[in-house]
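Asks: Read top to bottom, the protein sequences are chains A and B.
Residue numbers for the first sequence follow this note's numbering, so the first one is 1 and each next one is one higher.
Residue numbers for the second sequence follow this note's numbering, so the first one is 1 and each next one is one higher.
Simulated from the structure, these hints should not be mistaken for laboratory data.
Bear in mind the structure is a predicted one, so any value in this text is a computation, not a measurement.
Treat the hints with care, as some may be off.
Which copy? The list can't say, so a pair holds if one copy fits it or any two copies do.
What the hints assert, rightly or not - With a straight-line cut-off of 30 Å between C-alpha atoms, the simulated DSS-like cross-links for lysine-lysine are:
hint, residue 1, residue 2
1, Lys83, Lys323
2, Lys250, Lys489
3, Lys302, Lys83
4, Lys489, Lys302
5, Lys83, Lys250
6, Lys323, Lys26
7, Lys55, Lys84
There are 2 protein chains.
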Amino acid sequence: MLTDRIRLFPLMERIVTADQAAALIKDGMMVGMSGFTRAGDAKAVPLAMARRAQKEPFQITLVTGASLGKDVDRVLTEAKILKKRMPFQSDPTLRAAINRGEVMFVDQHLSETVEHLRSGQLGPMDYAIIEATAITEEGGIVPTTSVGNSTSFAALAENLIIEINLSQPLALEGLHDIYTPTRRPTREPIPIVACDSRIGLAYMRIDPSKVAAIVITEQADSAAVLEAPGPETDTIAEHLIAFFVRETAKGRLDLRASPLQVGIGNIANAVLSGLASGPFERLQMYSEVLQDSTFALLDSGKLVFASASSMTLSEEYAGRVLKNLGKYRDRLVLRPQEISNHPEVIRRLGIVAINTALEFDIYGNVNSTHVNGTDMVNGIGGSGDFARNAYLSIFVAKSVAKDGAISSVVPMVSHVDHTEHDVDILVTENGLADLRGLAPRERARMIISNCVHPDYREQLGDYFERALRRGGHTPHVLEEAFSWHLRRKETGTMLAHSTIKRSA
Amino acid sequence: MLTDRIRLFPLMERIVTADQAAALIKDGMMVGMSGFTRAGDAKAVPLAMARRAQKEPFQITLVTGASLGKDVDRVLTEAKILKKRMPFQSDPTLRAAINRGEVMFVDQHLSETVEHLRSGQLGPMDYAIIEATAITEEGGIVPTTSVGNSTSFAALAENLIIEINLSQPLALEGLHDIYTPTRRPTREPIPIVACDSRIGLAYMRIDPSKVAAIVITEQADSAAVLEAPGPETDTIAEHLIAFFVRETAKGRLDLRASPLQVGIGNIANAVLSGLASGPFERLQMYSEVLQDSTFALLDSGKLVFASASSMTLSEEYAGRVLKNLGKYRDRLVLRPQEISNHPEVIRRLGIVAINTALEFDIYGNVNSTHVNGTDMVNGIGGSGDFARNAYLSIFVAKSVAKDGAISSVVPMVSHVDHTEHDVDILVTENGLADLRGLAPRERARMIISNCVHPDYREQLGDYFERALRRGGHTPHVLEEAFSWHLRRKETGTMLAHSTIKRSA
Numbered sequence: 001m002l003t004d005r006i007r008l009f010p011l012m013e014r015i016v017t018a019d020q021a022a023a024l025i026k027d028g029m030m031v032g033m034s035g036f037t038r039a040g041d042a043k044a045v046p047l048a049m050a051r052r053a054q055k056e057p058f059q060i061t062l063v064t065g066a067s068l069g070k071d072v073d074r075v076l077t078e079a080k081i082l083k084k085r086m087p088f089q090s091d092p093t094l095r096a097a098i099n100r101g102e103v104m105f106v107d108q109h110l111s112e113t114v115e116h117l118r119s120g121q122l123g124p125m126d127y128a129i130i131e132a133t134a135i136t137e138e139g140g141i142v143p144t145t146s147v148g149n150s151t152s153f154a155a156l157a158e159n160l161i162i163e164i165n166l167s168q169p170l171a172l173e174g175l176h177d178i179y180t181p182t183r184r185p186t187r188e189p190i191p192i193v194a195c196d197s198r199i200g201l202a203y204m205r206i207d208p209s210k211v212a213a214i215v216i217t218e219q220a221d222s223a224a225v226l227e228a229p230g231p232e233t234d235t236i237a238e239h240l241i242a243f244f245v246r247e248t249a250k251g252r253l254d255l256r257a258s259p260l261q262v263g264i265g266n267i268a269n270a271v272l273s274g275l276a277s278g279p280f281e282r283l284q285m286y287s288e289v290l291q292d293s294t295f296a297l298l299d300s301g302k303l304v305f306a307s308a309s310s311m312t313l314s315e316e317y318a319g320r321v322l323k324n325l326g327k328y329r330d331r332l333v334l335r336p337q338e339i340s341n342h343p344e345v346i347r348r349l350g351i352v353a354i355n356t357a358l359e360f361d362i363y364g365n366v367n368s369t370h371v372n373g374t375d376m377v378n379g380i381g382g383s384g385d386f387a388r389n390a391y392l393s394i395f396v397a398k399s400v401a402k403d404g405a406i407s408s409v410v411p412m413v414s415h416v417d418h419t420e421h422d423v424d425i426l427v428t429e430n431g432l433a434d435l436r437g438l439a440p441r442e443r444a445r446m447i448i449s450n451c452v453h454p455d456y457r458e459q460l461g462d463y464f465e466r467a468l469r470r471g472g473h474t475p476h477v478l479e480e481a482f483s484w485h486l487r488r489k490e491t492g493t494m495l496a497h498s499t500i501k502r503s504a
Numbered sequence: 001m002l003t004d005r006i007r008l009f010p011l012m013e014r015i016v017t018a019d020q021a022a023a024l025i026k027d028g029m030m031v032g033m034s035g036f037t038r039a040g041d042a043k044a045v046p047l048a049m050a051r052r053a054q055k056e057p058f059q060i061t062l063v064t065g066a067s068l069g070k071d072v073d074r075v076l077t078e079a080k081i082l083k084k085r086m087p088f089q090s091d092p093t094l095r096a097a098i099n100r101g102e103v104m105f106v107d108q109h110l111s112e113t114v115e116h117l118r119s120g121q122l123g124p125m126d127y128a129i130i131e132a133t134a135i136t137e138e139g140g141i142v143p144t145t146s147v148g149n150s151t152s153f154a155a156l157a158e159n160l161i162i163e164i165n166l167s168q169p170l171a172l173e174g175l176h177d178i179y180t181p182t183r184r185p186t187r188e189p190i191p192i193v194a195c196d197s198r199i200g201l202a203y204m205r206i207d208p209s210k211v212a213a214i215v216i217t218e219q220a221d222s223a224a225v226l227e228a229p230g231p232e233t234d235t236i237a238e239h240l241i242a243f244f245v246r247e248t249a250k251g252r253l254d255l256r257a258s259p260l261q262v263g264i265g266n267i268a269n270a271v272l273s274g275l276a277s278g279p280f281e282r283l284q285m286y287s288e289v290l291q292d293s294t295f296a297l298l299d300s301g302k303l304v305f306a307s308a309s310s311m312t313l314s315e316e317y318a319g320r321v322l323k324n325l326g327k328y329r330d331r332l333v334l335r336p337q338e339i340s341n342h343p344e345v346i347r348r349l350g351i352v353a354i355n356t357a358l359e360f361d362i363y364g365n366v367n368s369t370h371v372n373g374t375d376m377v378n379g380i381g382g383s384g385d386f387a388r389n390a391y392l393s394i395f396v397a398k399s400v401a402k403d404g405a406i407s408s409v410v411p412m413v414s415h416v417d418h419t420e421h422d423v424d425i426l427v428t429e430n431g432l433a434d435l436r437g438l439a440p441r442e443r444a445r446m447i448i449s450n451c452v453h454p455d456y457r458e459q460l461g462d463y464f465e466r467a468l469r470r471g472g473h474t475p476h477v478l479e480e481a482f483s484w485h486l487r488r489k490e491t492g493t494m495l496a497h498s499t500i501k502r503s504a
């Protein structure tokens with residue numbers, strides 16, 4: 001019943017069609033939209049905006065939590081609506097437009113966007129378009145499968161458009177913990193002291209007079225698309241779990257006390273699957289995104305609590321989880337991404353952070369975002385929030401890509417997202433490098449010995465030996481630092497003296 | 001009187017000579033020493049260690065707060081005592097040994113070293129050697145002109161050597177605020193909510209039975225050596241203060257509410273001097289180091305409170321300040337560097353962070369540490385702690401060095417310490433680039449137009465235009481990314497088509 005969904009009845013009058021709501025968005029506006037990793041995103045109004053733009057071109061700055069589902073970023077890109085986009089995306093069409101320079105993309109640490117908005121550093125936000133499960137009696141917005149930046153968008157935007165999504169179960173209500181840091185200069189500590197700390201409200205407080213339109217929708221979130229795991233991802237997970245076992249034996253790690261953060265992707269899923277059959281009990285997560293593997297771990301009884309900003313599930317798991325939320329309610333909380341990713345909380349809780357590297361170099365610098373130093377893939381996301389502040393900062397990657405034509409371990413990364421200071425452990429299917437307390441020359445020997453693919457080991461060792469002869473704290477042969485990337489462009493492979501034909 | 005300095009009388013029996021204390025340090029040990037930016041460092045015992053090493057070679061891992069004075073790092077390097085050194089240094093002799101690969105240097109964010117120690121990730125600490133003003137009745141250690149990492153060294157080391165320095169005035173007692181975060185998994189928020197929050201004790205709590213030796217010394221701290229300011233540093237300060245004025249007018253900045261962090265060096269000093277004669281009142285500092293210019297600003301009445309981990313003063317100011325501590329006592333606090341640099345506190349307070357770049361690139365990535373990507377200068381220090389978490393992250397640099405042969409603004413930095421995500425504002429004597437909310441291509445235009453030296457502007461614009469034709473979110477001509485650095489090595493200057501003779 002709609003009265004369950006819109007419980008502040010005067011707001012019933014604001015119900016309009018998606019097209020009517022989309023007409024409110026004008027050229028040059030800054031618009032905030034809900035959505036974090038394809039979950040809880042506004043769906044109907046942005047798609048209506050795209051339809052409108054075919055007749056009446058306009059452009060906006062679009063700020064979200066993170067990536068959107070339902071091809072919204074593709075459709076908005078094709079409609080040429082996006083002038084500027086932040087702080088994250090993962091859509092191939094948008095990505096291509098960004099790399100052509102047609103959309104200005106501002107790649108940000110996911111915890112920071114609302115700080116910039118709040119202080120006026122990004123200018124005023126004209127509209128926020130937020131998907132909701134319900135509007136409470138007081139006009140509070142109950143989010144759906146993500147919180148993202150919506151709390152702050154709702155507070156800061158001059159006008160609100162709310163998409164009530166009937167396909168999102170009412171049982172979502174009570175799952176969220178909505179807290180916004182108090183204003184400086186009287187900002188108080190964020191009182192989270194454990195994954196399961198609840199410090200706020202179950203809904204976002206808004207000014208109901210700002211609600212310009214309410215749109216009723218019933219489109220489900222896009223299903224998560226999982227890359228198939230493979231022998232390499234399983235081996236990476238095995239290396240990591242063996243490391244956890246060793247660290248536990250040495251008394252340096254207690255996974256009952258150190259919550260896990262696990263990035264998106266098949267390696268992350270393999271690690272969580274490994275933990276499901278591993279020796280660790282009473283695990284906790286303090287992460288950004290909860291995926292299928294999180295719920296499998298909850299089901300196994302190994303995971304006692306999970307905190308994040310969104311749930312991104314496959315069709316199978318979405319059906320299972322959203323219909324049985326009562327089963328998970330006591331062991332789950334969704335928070336604003338400012339809080340799920342807050343340096344203060346991450347440092348306090350002592351998190352074990354596992355993120356995926358696109359490439360890393362012999363000194364442990366990590367590239368998470370740029371192919372060949374130039375072309376954006378998705379964005380830095382929350383990896384920097386976690387890697388910098390984690391108790392253990394772990395990056396994982398398969399040692400090669402494109403059938404061996406690309407080594408993920410290179411002399412120098414072509415773009416730096418995480419410096420050597422923020423990287424403790426590197427893992428490929430070949431092995432694990434524990435870089436803690438090591439100087440750069442020691443890091444290089446460890447990485448070359450443990451992580452690089454055997455096909456590239458000699459070649460990388462040769463680079464390092466020649467760099468050593470040049471000297472320096474961080475030895476390099478500067479004129480060859482990117483020679484592997486350039487060779488790949490020229491010959492199709494990073495392998496020197498290769499007979500492989502040009503393939504790219 | 002010594003009874004004022006060692007007030008737990010049974011400890012009087014532990015007084016030995018520096019040579020006797022130095023004899024306790026054995027080959028292979030990990031040793032922690034007090035000292036942060038040449039202030040409050042242990043002096044007598046390390047120099048005695050160097051004398052001993054001439055007869056009896058031994059090597060240690062040396063962990064400090066930051067840089068040491070009294071040529072201790074030089075003398076220890078020459079005595080070949082240093083096997084490994086962390087987390088910061090600024091000594092030319094040690095630097096050269098690091099760059100030759102003779103000393104393994106672990107360059108760390110200054111807030112993080114004790115986290116690694118505490119968790120056992122760096123192995124056990126055998127001895128801590130700590131300079132003290134006094135030992136209290138309970139056996140508490142009152143630090144001198146810095147706190148650095150000494151609190152945690154004293155707590156974690158198996159044995160302690162205390163240097164009671166009679167040249168450090170007893171009036172230092174009461175200036176410090178010693179707080180250690182509680183242990184995980186029950187770590188509590190750090191209760192600092194303002195620069196002048198006092199949350200701990202005036203001394204470090206220790207186990208008196210761990211005191212292996214006490215040495216009485218009277219060597220003053222090394223005087224700070226200030227590089228002479230020049231017209232460029234004054235102009236940089238003027239640009240920055242004009243920016244502060246504009247931001248204040250726009251309602252986006254209130255320097256009464258946003259504490260300043262200012263790095264070391266002559267540009268930082270010029271900024272503080274500029275503020276002394278500028279329009280801002282009731283300023284506050286939450287910084288690492290207090291220099292002469294801080295006290296000048298306190299004297300001017302413009303600065304109401306300063307928090308840091310050390311005081312590094314010229315001979316003139318040391319005399320003035322240390323003899324008149326009563327005058328400053330209510331407006332000054334010295335904290336452990338874990339707290340002065342803690343991400344949690346920096347983010348909470350909304351700090352305006354001003355640090356010096358060695359070079360930066362067209363996209364705003366900053367190199368703070370490495371010449372030509374290989375040779376270490378000092379270390380990252382606390383710049384990352386502040387830049388990542390600041391309300392405004394500002395980096396300053398003169399646009400050229402070596403009489404114009406080196407441009408500080410380059411196509412791609414040869415080493416990344418701070419990524420574009422952590423850099424809001426760049427300033428050279430040519431102008432200021434406000435990068436907030438800009439995508440990389442927009443950042444490049446702003447930096448080329450505002451920051452680069454006129455001699456290099458066309459050359460840098462040409463690089464960017466050719467990179468644009470290649471495309472990408474962050475366009476580069478990868479094979480030329482370091483061409484400026486290589487040209488400098490080959491021809492003596494980064495200038496293309498130059499007639500300048502080889503000078504390096």
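Asks: To test your reading of the hints: which numbers does this structure violate?
Replies: 1, 2, 3, 4 and 6
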